[in-house]
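**Q** Here is how the chains run, residue by residue.
There are 2 protein chains.
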Amino acid sequence: MTAPDAPDDLTATANAFLGSVIPIAATMGVEFVELRPGFVRAAVPIEGNGNHFGVMYAGVIFTVAEVLGGAMHLASFDPSTHYPLVKKIDIEFLAPGRSRLTATASLPEDEIARMRAEAATGAKVPFVLAAEVVGEDGTLVARTRGDYQLRALGS
Amino acid sequence: MTAPDAPDDLTATANAFLGSVIPIAATMGVEFVELRPGFVRAAVPIEGNGNHFGVMYAGVIFTVAEVLGGAMHLASFDPSTHYPLVKKIDIEFLAPGRSRLTATASLPEDEIARMRAEAATGAKVPFVLAAEVVGEDGTLVARTRGDYQLRALGS
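Protein sequence lines, in the order shown, are assigned to chains B and E. Quick note: the first sequence uses our numbering, first residue 1, plus one each step. Quick note: the second sequence uses our numbering, first residue 1, plus one each step.
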């Protein structure tokens, strides 16, 4: 069970963490909007992030999706014992981003259970996170598939 | 033949263009360091671009490689008739980036000739750009494979 106010606390903690550890993402205006075990969502404004077509720059779309790996770690695993590492990301750009964009990813409960069990052994724990990035009107702007690892701190 | 000073002029033009059209890349400190037809190189400093491991954030590594698509367009094709569009990028993170990073990509002459011929017909011209991102000590930090298109302006 999670207390009703836990997701808000978690989201605020994650945003404070983002601002201090990935300043460039905070400069873009990337922020977490919903975090709970197995579910993470981040957003980024169009203001300041446009390219020469007046649409959001690819590197910003990449970032709003990529930070979900760290958010999923914070929301679902133990940051006092493990850290997340990104190994590979495939990103498809499907439509221009012309508004605030929202990136969402989730992991099923059985996958989280597998990862927690493997993490407890001290092994590197690979996981795949698929994210969708959508505009305010619901347009699917980008899709990512990221290969991450959970690693024990100090390893 | 290219005049000896042409690459410097082209690089300066590309950097001015980058600063005005992708401000967030300029904020990261991304700059083009060598551009000529079929060959492009960009760099980005470690200062201000670190993450919580003290290494360069993934979104910055993505950006220094991704901007090579636009740079290749400027260096090799006609920006008065066509623009470049990124469709997909696969990026592998192979080692931590702990220094200034340099991203390099090239296209062979016959590929440029094919693209110029196809562009002249007004068709969308797909091209693949593979880039390597290396640290100051030569460490291979990341590898990307990008699917881009050249498109006629107004299309």
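Each hint should be verified, as a subset may be incorrect.
Note: identical chains are not told apart, hence a pair may lie in one copy or across any two.
For lysine to any residue, the following SDA-like pairs were computed, each having C-alpha atoms within a straight-line distance of at most 25 Å [what the hints assert, rightly or not]:
id, residue 1, residue 2
1, K87, K124
2, K124, S80
3, K87, G50
4, K124, D90
5, K124, V33
6, K88, A117
7, K124, T139
8, K87, T104
9, K124, E31
10, K87, G48
11, K88, P126
12, K124, P45
13, K124, L94
14, K87, I46
15, K88, L107
16, K87, R114
17, K124, G48
18, K124, V55
19, K87, S99
20, K88, A12
21, K87, R100
22, K124, E136
23, K124, G50
24, K88, D9
25, K88, V128
26, K87, T121
Since the hints were derived computationally from the structure, they do not count as laboratory data.
**Q** Which numbered hints are broken by the structure, listed smallest first?
**A** 5, 9, 12, 17, 20, 22 and 24
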